[in-house]
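Once you've looked at the hints, dock chain F against the given chain Z.
Each chain is listed here by its residues.
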Amino acid sequence: DVKVTQSSRYLVKRTGEKVFLECVQDMDHENMFWYRQDPGLGLRLIYFSYDVKMKEKGDIPEGYSVSREKKERFSLILESASTNQTSMYLCATAEVWGGNTIYFGEGSWLTVV
Amino acid sequence: AQRVTQPEKLLSVFKGAPVELKCNYSYSGSPELFWYVQYSRQRLQLLLRHISRESIKGFTADLNKGETSFHLKKPFAQEEDSAMYYCALKGYGQNFVFGPGTRLSVLP
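Protein sequences appear in the order of chains Z and F. With our numbering, the residue at position 65 of the first sequence is 152, and numbering never jumps. With our numbering, the residue at position 26 of the second sequence is 1448, and numbering never jumps.
Chain Z extracted, bound-state conformation (with noise of 0.2 angstroms):
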């Protein structure tokens, strides 16, 4: 059973500061994603990893940074958290041959103040 575990469910943070979101995964999946869900808009993608060290960026990396230095760990970075950063950020896994689910984590509800 694929374990992706957000250590942070809930945070507040406030305008400005710099913010951390940590993903862990225990299944080696090769691929790591973070999403950003908004009532309306769905998940949107921000970044993904497909190796250690590797990114690309998804639909909306503005304002986040991503940091994969081991291949369990995915971190989420916003350098100066704003307002508009306040949401539902979504970990996810998945394989590269044959990854044809992705798993979620818990995820981990932002409010910037």
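Note that these hints are calculated values from the structure, not bench results. Treat the hints loosely; a few may be bogus.
Stated by the list, open to error - The following label-pair restraints were derived from C-beta to C-beta distances:
#1 F:Ser1462 / Z:Thr198: 15 to 25 angstroms
#2 Z:Lys90 / F:Asn1486: 33 to 43 angstroms
#3 Z:Glu104 / F:Asn1486: 44 to 54 angstroms
#4 Z:Leu128 / F:Gly1488: 27 to 37 angstroms
Stated by the list, open to error - Residues from chain F that face chain Z, not an exhaustive set, calculated with beta carbons under 8 angstroms:
#5 Leu1466
#6 Leu1468
#7 Arg1471
#8 Phe1498
#9 Lys1512
#10 Gln1516
#11 Phe1518
#12 Pro1522
#13 Gly1523
Every residue gets a Cβ at the ideal spot worked out from N, C-alpha and C, and that includes glycine.
Relative to chain Z, chain F alone:
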């Protein structure tokens, strides 16, 4: 470009009634299509995929390449089906593209 649309933000049906959640996609090749579901206070999880041609929890979905659609259907809705449903496409590369979602509310 890869794109998934779900025209209904909210769909309300009575228990026992048939339900159809619409999904259309744009993709120039042969995509893989999925339906994901998120029940209240649970993580997003796979419901079914077109390649498996399976029925899960009474739901089925048929890929219609001519209409570029992948509608989700169930003949008799149950209250426990109330959830958020996302249609998704896996196309170029390893990326998954999700639609905006449809909230299904099954009324008693």
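Status of each hint after checking the structure:
At about 20 angstroms, the CB distance of Ser1462 (chain F) to Thr198 (chain Z) agrees with the hint of 15 to 25 angstroms. Separated by about 36 angstroms at the C-beta atoms, Lys90 (chain Z) and Asn1486 (chain F) satisfy the suggested range of 33 to 43 angstroms. Under the hint 44 to 54 angstroms, the C-beta atoms of Glu104 (chain Z) and Asn1486 (chain F), about 48 angstroms apart, fit the expected range. For Leu128 (chain Z) and Gly1488 (chain F), the Cβ-Cβ distance of about 28 angstroms falls inside the hinted range of 27 to 37 angstroms, so the restraint holds.
For Leu1466 (chain F), the shortest C-beta to C-beta distance to chain Z is roughly 4 angstroms, which falls under 8 angstroms, so the interface hint holds. Taking 8 angstroms as the C-beta contact cut-off toward chain Z, the hint placing Leu1468 (chain F) at the interface holds, the least distance being around 5 angstroms. Hint on Arg1471 (chain F) holds. Least Cβ distance to chain Z is approximately 6 angstroms, under the 8 angstroms limit. Taking 8 angstroms as the C-beta cut-off, the interface hint given for Phe1498 (chain F) is violated, the closest approach to chain Z being about 27 angstroms.
The beta carbon of Lys1512 (chain F) is positioned within 8 angstroms of a beta carbon in chain Z (closest approach about 7 angstroms), and the interface hint is therefore held. Satisfaction of the interface hint for Gln1516 (chain F) is found here, the shortest Cβ-Cβ separation to chain Z being roughly 5 angstroms, below the 8 angstroms cut-off. At a threshold of 8 angstroms, the smallest CB-CB gap from Phe1518 (chain F) to chain Z is about 5 angstroms, leaving the interface hint in force. Proximity of Pro1522 (chain F) to chain Z holds as hinted, the smallest CB-CB distance being about 4 angstroms (cut-off 8 angstroms).
Annotation: Gly1523 (chain F) was flagged as interfacial toward chain Z, and the flag holds, the nearest CB pair being 5 angstroms apart, inside 8 angstroms.
Violated hints amount to a single one, hint 8; each of the other numbered hints is respected by the structure.
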